[in-house]
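Trainee: Chain residues, written in single-letter form:
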Amino acid sequence: MGKFSRLGNDLYSGQKSIDFVGRRWLWYAISALIVAVAVGGLVGKGINYGIEFTGGAEYRVSLPADQVDQDTADELREAVAGTDIDNASSPVVTTSGNEAILIQTEPLSDTESEEVAQTILDATGASSDDLSQSEIGASWGQEVAERALLGLAVFLVLVVLFIWAYFRQWKMSVAALVALAHDVIITIGVYALSGFEVSPATVTGILTILGFSLYDTVVVFDKVRENTADLRGSRQTYAKAANLAVNQTLVRSINTSIVALIPVACILYVGVVRLGTGSLKDLALALFVGMAAGVYSSVFIATPLLAHLKARESEVLLAEKRDKARRRAMADRYAAVPAFTEDMPVADEPGAGPERPGSQEPSAPAAPPRAPEASGRGRVAPAPQRPVQKSAASGRQQPSRQPRSKRGRK
Amino acid sequence: MASHRYRPGRTVVIFFAGLAIAFGLVALAGSWTPRLGLDLQGGTRISLVASGDDVTQESLQEAAAIIDSRVNGSGVSEAEVTTQGERTVVVEIPGETRPELEETVKRQAQLRFRVVACTTADPSACGGAGATPLAPGSQAPGQPAVPGSGATVPSAPESGSSTPKNRAPFLSTGEQNDGQQGGDQSEEPSESPSPSETAQPSPEGDLVDEPLQWMNNPDPASVQAFNEFECPPQGQAPAVEDDPDKPLVTCDDQGMKYLLSASMIEGTNLQSASAGIPDQSVNWAVDLKFDGAGTDDFTQISRTLYNTEKQFAIVLDGQVISAPTMNGIITNGEAQITGDFSEAEATSLSTSLKFGALPIQFSDDLIETQTVGPSLAGNQLSAGLAAGGLGLGLVMIYCMLYYRGLGIVVLASLFVAAAWTYALVLLLSESAGFALSLPGVAGLIVGVGITADSFIVYFERVRDEMRDGKSMRVACESGWHRARNTCLAADAVSLLAAVVLYIFATGVVRGFAFALGLSTLIDLAVFFWFTHPMVSWLARFKLFNRGHKLSGLDAESLGLDRYPMGAKA
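In order, the protein sequence lines correspond to chains E and W.
The working numbering puts the first sequence at residues 154 to 563.
The working numbering puts the second sequence at residues -17 to 551.
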């Protein structure tokens, strides 16, 4: 933990910094590549819809572990195919986890379904307690999908409003939504590429990712907002402040993703190994991929994009300009001071010395005109060069000891 | 920061008092195991999505009620019928795997037109047993003079019908009442035996196939069944098997008993039905319109029944909803049921007629039937528990390793959150009928991550504040004030997602959304009223505020070479 903590401290103080914002084109490119692969998979391979979407019948026999093997599956396939029912003539039989075998057929009528169920029980010797079945109409999944899409739309609108209300910056909403779309596309792409079945549970998982991805982004943006609230006072550019925010929340992001992914990974593990295909696996896989993508996108996509969007705002531009000037000044702090030479006239203009390159002009810039001296009564405050800021001491208790004359006698 | 002194102890005490009250309520409710969903205890679930555009909340409720009475009437105990969202009806039968009930649930056209042989009020035809074959009803070819369709005359029944029901609907024709009377009025029943109710042998003779003759001559077996049949108490549907090819003994909702012929017209032959007040009338009436085949049959019925006291019955799901007499011969298939209807009655009758059994349609394509055998349910339950235990354990271990002393706070908070979750799930399953399903368990497990995350946000903030040079005690408070808003915003998004999911998801995934929302709320409560006070309280101990190695807040675990100035140590 020591090294990780050290890293945490260095990231926090800015001693060590990963340039998330500056190298945004790199992250954009990486994400674009991943998204392209995902979309390619989606278009090329298509999504493998489960029977909830295509309609059909599914039977699941729970069997002792030593019976769940390919032989039993083959036996079952032949038995079911031998029932003379058209729609059950080419069943898909797979083992599911280590405790069940799954048989899928086209939609069946009630009597056909009973016949198939009986065939399965006869072939495996299982009791009717061990048999589970689902029959799903062909448009059922469409209905589910329609509702999911409706939910998605409503959720997105609400979230845009929420983020806008919370951060008061529509650009944050946009950046968060782009990150969201990124996560969802990647998740769907993983499904397409891996060939896993998409069931309503998957759709739920994807809808849940929406929440998670935004959750992460909100946490990061909260820090970004905090760091960039006072650009002028912190003498930083927006990009730098945002980058620092990402670095500062990086440890949290890593910890969060670990803690959030552990339970999901457990569900995924148990779902796959113990139960095989089923709603648990579908849900957990979508969540797992989506959450991982969500953490990635909140760090690598959302914040750089936000800085990118913000780059044209006048205040941000001004901060950039100041920063540039400051850096130029810091490169050689005494660039304006003439180097001393022996025969240097005492009150001469700087630049007269022969050793100073680049300052051959006889008339170097004169000192700025002096402000009028204090005159008349009272004090004349000099004109401010820039708006008055809160001092570094603001907010803290300052010693307020009255001068002796006012303290009275002891 | 509040100006008054912050008292963590008080908050925690109140918080635990709340928890104790919750568990007290659970103890009062008396069940210490949550209600399990179908996928965890086994059972049958049938979800139907209504098709068509005119689905209203009312019609959905009505359909659910009809389905409820059907399913519970079919010998299933504890079936639960609920509506979900705007157009989904879900039937859940815990503990039993009966996929064949799908047919019962979704069947649509259970509306039938039969002729009445005898009723409780007019049992004449069912008096004795004789065997007098009848002359076939004379299908008089005399065409009615005016086949006008709008000339409805809902006048008093010329036949002097004594329909004994309260609402006494009569049928008037769309034509002149000039048809010839058909059918003998012979009252001797025929002898063909046919018990009507259950598993009867096929009735012999072809009279059953000729309901208009059978009507006057019901077979003795049917008569016997009629005499033996007892109507259920008012308001309950009679449990009868509505086989269109066989005679039927059943009741209406007033407790009137009927012996009915085999079905003459199916509900599918009805084209439309509407309620309205006909011209020159003050009473509500229901207009019917049959399609081609229905019109032919109805013409035949009306010819036979006209000028008799015989009724024909409209049977819905085995229950007589109306038994009008004929006061005209109707050949164009446009009939009108008149009588002493109120608007509501007329509308309800026309709705029943129009939609068959259900006010909305469920197409075959939009049905999901799922049965879960007890073995699979047991597997899923143990798998869910295993995943939960494993996830919780690993998260705790990770937090202990990373946060050491503060890890105790995480552990305690997670345990308290788990206790709250348990209590609330129990209370909700008692009061709101919440059943824990597999996706629900998954939601709770995912909630562990959300809960632990708010601690991480908080602790990282505390560490950051300490890196800025604040002492542990100050950092706990200032870190809290910054982490609080972050957590509120993040949890609000999470909650928003859960609510939207809950509203728009169908089926079991709602359980997931519900569990997710529940654990988010619990997370907030625990975070505000337990974790923060706990940390504030612990900050008073030397172990923590002096930066002991085990506290998780020592210089090394902060990554500092030494404490910044201002901190003790």
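Since the hints were made in silico from the structure, they are not lab data.
It cannot be assumed that every hint is accurate.
What the hints assert, rightly or not - Residues on chain W that point at chain E, a partial pick, calculated with CB under 8 Å:
{"hint": "1", "residue": "Val31"}
{"hint": "2", "residue": "Val37"}
{"hint": "3", "residue": "Thr38"}
{"hint": "4", "residue": "Gln39"}
{"hint": "5", "residue": "Gln43"}
{"hint": "6", "residue": "Ala47"}
{"hint": "7", "residue": "Ile349"}
{"hint": "8", "residue": "Glu350"}
{"hint": "9", "residue": "Gln352"}
{"hint": "10", "residue": "Leu376"}
{"hint": "11", "residue": "Tyr380"}
{"hint": "12", "residue": "Tyr384"}
{"hint": "13", "residue": "Val428"}
{"hint": "14", "residue": "Asp435"}
{"hint": "15", "residue": "Thr468"}
{"hint": "16", "residue": "Phe486"}
Claimed, not checked - Partner residues aside, some chain E positions facing chain W, computed with beta carbon under 7 Å:
{"hint": "17", "residue": "Val245"}
{"hint": "18", "residue": "Gly364"}
{"hint": "19", "residue": "Arg405"}
{"hint": "20", "residue": "Ile415"}
{"hint": "21", "residue": "Pro416"}
{"hint": "22", "residue": "Val423"}
{"hint": "23", "residue": "Leu436"}
{"hint": "24", "residue": "Asp485"}
{"hint": "25", "residue": "Tyr487"}
Unchecked claim - Counterexamples of contact, computed for chain W against chain E with all Cβ distances above 12 Å:
{"hint": "26", "residue": "Phe441"}
{"hint": "27", "residue": "Tyr484"}
{"hint": "28", "residue": "Phe523"}
The structure presented is a predicted model; accordingly, all values stated were derived computationally and were not measured.
C-beta: ideal position from N, C-alpha, C; glycine also.
Trainee: Run the structure past the numbered hints and jot down the numbers of the failing ones, going up.
Mentor: 2, 3, 4, 5, 6, 17, 24, 25, 26 and 27
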